[in-house]
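Take a look at the letters that make up each chain.
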Amino acid sequence: MATDAKAGMAAAPSLFLRNATGLVKGWSGFDAFAYSFMSVNLVTLGMFYSLAIFAYVPDGSAIASIIVTAIGMTFMAIAYAGLIAVMPRAGGDYVWQTRVLDGIPGAVIGGAFGAIAVFLVGTALALGDVTTYGGAALGVIVGAFLGIKRGGLGFVLSATGWWFILALWAPIYGFILKIEFVQPMAALLGWQDGVNFFGTADGTFVVSIATIVITSGLVALGMAGYARIQRWSLYVGLAALAVMFLLMLISNVDTFKAAYDREAQSLFGVSNAYQATIDQAAAEPGFEYAGSALDAFGFGPGTLLLVPFMLFFLLYPNWGATLYGEVRGAGDFRKVLNGMLGGLWVTAGLAVVFVVLAANTFGWTFFNASNVTYVNYAYAYTTTPPPMPIWGYPPMLAAFLIDSHIVQALIVLAFAAWWIGWTGTLFLSSTRMIFAAAFDRVLPEWAARVSENRGVPWAALALIMVPSVFLSWLYAYNSDFYGLTLDATLVIAVTFFGTSIAATILPYWKKDMYESSPVARYKILGLPLLAVAGAVSTIFLSWVLFMWITNALYGIGIGNVNSMLFLGVLYGAAAILYVVARAVRRSQGVDLDAIHAEIPAE
Amino acid sequence: MRIFFATDIHGSEICWRKFLNAGAFHKADVLVMGGDMTGKAMVPITGEGGTWRVTLQEQEHLLASEDEVAAMEKRIRDRGYYPIRLSPDEVAAWAADPSLVDARFKAEMLAMVERWMALADERLDGNSIHCVVSPANDDIFEIDPIIESARRVSLGESNLIDLDGFSLVSTGWANPTPWNTFRELPEPDLRVRIDSLVAGVPDKRRAIFNFHAPPYGSNLDNAPKIDADMRYVSGGQALIPVGSHAIRDAILEYGPVLSLHGHIHEGRGAVKLGRTLAVNPGSMYEDGVLQAAIVDLDPKRAEVKRYLLING
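First to last, the sequence lines map onto chains S and G. According to this note's numbering, the stretch in the first sequence is residues 1 to 602, in order. According to this note's numbering, the stretch in the second sequence is residues 603 to 914, in order.
Keep in mind that the hints were calculated from the coordinates and are not lab data.
Part of the chain S face toward chain G, derived, beta carbon under 7 Å:
1) PRO13
2) SER14
3) PHE16
4) ARG18
5) ASN19
6) TYR35
7) ALA224
8) VAL450
9) GLY455
10) GLY589
11) ILE595
12) HIS596
13) ALA601
Negatives, chain G to chain S, calculated, CB over 12 Å:
14) ASP631
15) ARG717
16) LEU726
17) LEU757
18) SER760
19) ASP764
20) LEU765
21) ARG808
22) GLY857
All residues carry an ideal CB built from backbone N, CA and C; glycine is no exception.
Between the sequences and the hints, there should be enough to build the whole structure, so can you do that?
This is the structure we're talking about:
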C-alpha cells in the first residue's frame, strides 16, 4: 500500500494519503488559463463585436470600459471558483442552482424572476395592464413553485443559458466565421464571386450550416480530441496575434492609409477607400469621431454605457471550469481562480493593447468609421453599403501592411485558429446540459443516448442542431433577427446571475456544505469571500441586465418587441418543459422531487 | 421490487448512515453498495499541552476541548477521511516511515468496516430490507470476511444472490487503472471471472450485474485524462472512456435486466446497452451527498419499470 504525505499550512504533514483510484496531482495552471483565455475570445468575440461598437457611444472611453468590465467580472470569477471548490465534480450552473436555490430563497428568487419576466414581456408587447399585471401575478406563482422545488429554477435558468440560447449562438458563430474568415479569404484569393455570394443572405445561411456541421463534428470527435486542437489553436492564434501587433507597432497611420487604399483598389477596385470610409461614416447619423483621437486615459460620461457591450467577450472566463479529483484543497481553488483571472485579465490587457495600436496605426476615426459603416449596413440601419464590401477585419487590415496577398491570406488563415479553438465548446456545453437534464429525468432517456461505436450523443446533438438550423434561417433571412445578437449574451448572463445569487447565499443557506469546503478560510471584513464576491457579481450583473433591458442603445429589451418575444418564448418554453416533465413523470410513477430529497443520516 | 444502489462512498460516515436509512426513506426492498467503501486519507489531529491542532482543507483549526475534537473528528469522517490523534513526534515518525502509515491505514479501514457492519445490523434489524455490500478495487481484501460476518448484510463479491426471482451477481474487480489498486485484472481475465460468475445464473434475462467498473464507451466511464505524471490533461476538459471492454461485452452477450456500476465518480448516468439498463450513480462522497440509483423492477416481466438517479 503506497502512501503519500501532504504538507498543509504546518510544517508537519497535514494529510496522509494511500494509493487509491482518483488521487491525482491536479493540473497545470496553464491549462486552466488556456481554457479560460480561449473562451474570453479576443478575436472571435472581442474584435467581432465589443471592440467594434465604440462609435455608438462616442463619449465613452474605450480602455476604461474594458477595465471596468474586467473588474466586475473578477468578482464573478471568484464566485465561480468558490462554487467549484465547494462542489467539485458536480460543477456547473445546473447543479449549483438546483442544490442551492430551493426552499424560501428559491421561492423568492423564482417568484421575482417570474413576475419580472412576464411583466417585461407584457409591457413590450403592449398587452394592456390587466393582462400584464395578471400575467405577472401568475409569473410569481409559477416562479415561486419552480423555485421552492429543487431543480425547477435551476432547470429553467440552465436550460435557457446552456441549451436553448446556444441555438442562437450557432448563426452568430457562423456570422463570425463569415466575416472573419470566409469573406476575407475569398477576397484575398481573388474569388470575387465568393465575396459576393457570402455577402448575401444565402451565403450567411450556408456558413451557419457549415458551422453547425463543424461544431457537431467536434462534439463527435470528443473533448479529448478537441482539447488537442484547442492547444494548437492557442499557439497558432497567439503567434498570429503577435505578428499582427508587431505589424501595427512598426507602422503608422500614413503607411496604413497607403496600404489600405492600395488593397481596396487591388481587391475591390475602390479608390481612395480610407477617406471614403471616413466620409461615409461622417454622413451617417450619430458618428462623432471625425478628427478625434483615442481618449486613452479618460473616463468619459458614456464609459459605463460601453460596459454591457464589453461583456459580449469578457463574460466567459468561467466557461467550462472544472475541478475533478478528490482530496483537493484551497490550492486547487487558487489554481482554478488564477486560470480564470488569467484568461480574463490577459484578454483585457490584449484588448487594451489592440485598441491603442488600432488608434495609432489604423487611426481612431478610421477604425470606428470602418466598423460603423459595416455594422450599420449589416444590421440594416442603412441601405448604403460600405465603400469596402467586406468588414474591416482588424487582422486583415494589419495584414494589408504587407504587400502580398499570399502572406495576407496566411495571416487570416492563422487567425482562424481563434475560431477553431473556441467553436467546439458551443455544442459540447449544450450536450452536457441535455445529459444532466435527461439523467434527472426531466428529458426523456433517449436524449442521453450515445452511439455504440464512437459514443457520439446524436440525440442531444439533434436537440441543439434542429433549433440551430431554424434560428440560422431566421438570422440569415430576417434582418430583425440580427438585432437580437446581444440577447445571446443576455440569456447567458441571466444564468450567471442566478449562479451569483447561489454563491451569495450558499455560506448561510447551506452552511455545512460551505464550512467543509476549502474556501471557508477566505474572508473579507469577516464575511465569507464567496458571499461577498457573489453579491458584487449579482449587483454587477443585475445592473448590466437592467441596462440591456431598458436602454434602447443595445437594441434589445423592452424597446424591441422581437427581443422580448424571443426571450419570453425561451423562458416560457423552459418553464413549460419542466412543469410538463413533472406531470409526465408523475404519471409514470417517477417523483422528480425525490432526486434532491436529502436522506436523513440518523 | 425496488433496488437502491449507491457506490464509492470511500469512508464517508454520513454517506453510509444515509445509505442504511435509504431503504425506509425511499421504500426500497434491496440496498446494494457497489464498493470502494474505504477511505483514502488520514488527517492527523496533533495534540500538545491540552490543545489539538488539525489542518483540514488547508484550514488550520485549534481545538481546545474534547467536544471540539469530537466534532472535528465527525466532520473529518463525514468527508471520508480518517481522523487520527497523534503527538507531534508521532507525526514526524510517520512522515519518515511509510510503513507506519500503511499499518494504521489498514487498522482504520478494518475498524471502520467493523463499525459500519455493526451499525447495519442495528439499523436494519426489524425490517425486511435486504442489504448487499460488495467491496471493489480500492478496498483491501481483509474487509470481505468482516462484511460476510454481518447478520443483516450479504457479501456480494463472487456470490449469487436471489432477489425475488432476480439473480444478483457481483464483482468489484476492475480493469487495470493507473493506480494499480487491489482488485484489478487484465481484460481477458476479468471476462473469465465474469463468465464464471454468470454461469450459475439460471435465467440470464433475470440477472442483475453489480460490476464495479462501468462498460467501456458507455458514457458511464468518462473520466478526465491524466498524463504519466498523474496530472490532468487540458485542465480536466479532456474526458476519455476508461471502462471495461470485458464488462461491456458481457452485458451485450448476456443481456441482464440491469447492470450496476460505479468506479468513475464523474460518470453519473444511465444508458441502455441492448436490453440492459446500465447505471452509474456517480459519487460526491466528500460533500456528504449520497448519489444513488433507485430502480424499480417488474418481477413478472423481468423488466425495469422505472429508475431515478438521486442526490440524497
